[in-house]
Amino acid sequence: QQQQQQQRAVMQSRLLTRLRQFSFRPRATRNQVALFAMTYAGYVVVYLARKPVAVVKPLLHDDLGFGAHELASIDSAFLLAYAVSQLSLGQLATLFSVPQLLGLAYLLCGASVAAFAYTTTIGQMTLAWGLAGFFQAVVNPLLVIWVAEIFPAAVRASVVAFWQTSQQLGSIAANGLASMVLHWSDDAWQTLFCVSGVTVASFAFPMYCCARSSVTTANNTGDGNGKACVQRLGFLGVLRLPGTFSVAVTYHFVKMMRYMCMFWLPLYLVKHQGFTTVQAGMFSALFDVGGVVGGIATGVFVDHALGGRMLLACVPLTACSGVFLMALARVEGTLSIAVAMIATGFTIAGPDSILGGAASRNLCEYNQEPDCTREVSGTVNGFGSLGALVQGYGTAGLLSHFGWPGLFGMAGVTLMASSGLLLSAVNVEKRHFNKRVY
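Here the working numbering = 1-based position in the sequence shown + 274.
Hints should not be assumed to be uniformly reliable.
Said to hold, decoys possible - Derived DEER-like restraints, expressed as beta-carbon distance ranges:
| no. | residue 1 | residue 2 | range |
| --- | --- | --- | --- |
| 1 | T303 | L443 | 20 to 28 Å |
| 2 | H675 | H343 | 19 to 27 Å |
| 3 | V687 | A579 | 43 to 51 Å |
| 4 | A447 | D336 | 22 to 30 Å |
| 5 | Y667 | V563 | 47 to 55 Å |
| 6 | H457 | P426 | 43 to 51 Å |
| 7 | H457 | A308 | 30 to 38 Å |
| 8 | T368 | S487 | 18 to 26 Å |
| 9 | F479 | V605 | 47 to 55 Å |
Everything labelled a hint here was simulated from the structure, so no lab data went into it.
We treat Cβ as the ideally placed atom computed from N, Cα and C, and that holds for glycine.
Please model the entire structure based on the sequences and the hints provided.
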């Protein structure tokens, strides 16, 4: 008992020390800042190969006569190919170096997006957009791992959290570019896909050169070729790695619920809360605003208050996001709805950023498998992509049977249960930090 009290006192002392030394400006070299900026810009550009179909759906409906089911099949092809590609990242990393993977991903993704401009049938569009999803899927895990490797563990959560805001900026930039191109071309949607595809492909060579010159990539491989795994664990081997399965399953449900909120909140506000379409669009943005602030705040708190214990922070945040999601279906009044939406976005963004980002790198360190980071990251992100794919069909089915209160209630319970699944991964993290301390 005395030993436990001493351990508690040491932990409290270290926590107070970290809080006193709190800083928003971790020291970084020029090389680290340059690589961060390059990867950040590189992922913003990827959204030019993700948003165009959503923007031009009304035009595809009017010009080609496609119905809702046909348009949905294009989205489903993208999401399915995206998930398959991420689950295959471990295999791809044994065939190509990281610079080669990034260069090919940008080049072939851009070519697929540009090819979409010349399609006329639903089959051709499904194939082209599916290929675009397949080729761009490896970019996120590779860049996140790259950023995590550039910076030391002491500031890793904060840096990755800031980097993840490239998703929101990319979405804004892609929507802005689409609006400008369609306005300039008099609603010629083919022009948008050509411009987007060429822009994405133009990043292939710079990203290849930048990755090849990275000191981190060379140090990880020992021979400078950037290949990820000398000896592959295999899909089942990755899931047997302590903590990986619980992280992957939790990320599956976190991604599922986040995408459900992104795609269905506007309809909920109109149908259940009586908002107008314009009001629903404005209020839906509050979820993303809360997400940006929550993702950054979580990363900073993990580094400066928890000493880098990312998985520990995800447990209460995931559970709280479930509570706020359940409350969202029961609150009334504009202010209460706004608070619930911001709180939901704030709490779910941290787990989404961590579990789909630097957690894979940390898990490999905890299990002394540093060479298989990309294989683990691909598996975890693949589970998350499957969650995004499943939510489209699952949400519609649950909504038709149980209504909005039932949908949000089951989503909240699922998130709270998912937080419990993370405890096995937290134990792995705890053992690692105990070894470091003692």
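Results for each hint:
1. Checked against the hint of 20 to 28 Å, the pair T303 and L443 passes, with Cβ atoms roughly 24 Å apart.
2. Restraint check, H675 to H343: a C-beta distance of roughly 20 Å satisfies the suggested window 19 to 27 Å.
3. Look at V687 against A579: about 29 Å separates their beta carbons, and that is not inside 43 to 51 Å.
4. With their beta carbons about 26 Å apart, A447 and D336 fall inside the hinted range of 22 to 30 Å.
5. Checked against the hint of 47 to 55 Å, the C-beta distance between Y667 and V563 comes to roughly 28 Å, which is inconsistent with it.
6. At about 46 Å, the beta-carbon gap between H457 and P426 stays in the expected band of 43 to 51 Å.
7. Checking the proposed 30 to 38 Å range against H457 and A308 shows it holds: the Cβ atoms sit about 35 Å from each other.
8. The hinted range of 18 to 26 Å is satisfied by T368 and S487, whose Cβ atoms lie roughly 22 Å apart.
9. For F479 paired with V605, a C-beta distance near 51 Å keeps the hint of 47 to 55 Å intact.
The structure fails to meet hints 3 and 5 from the earlier list, while all remaining hints are met.
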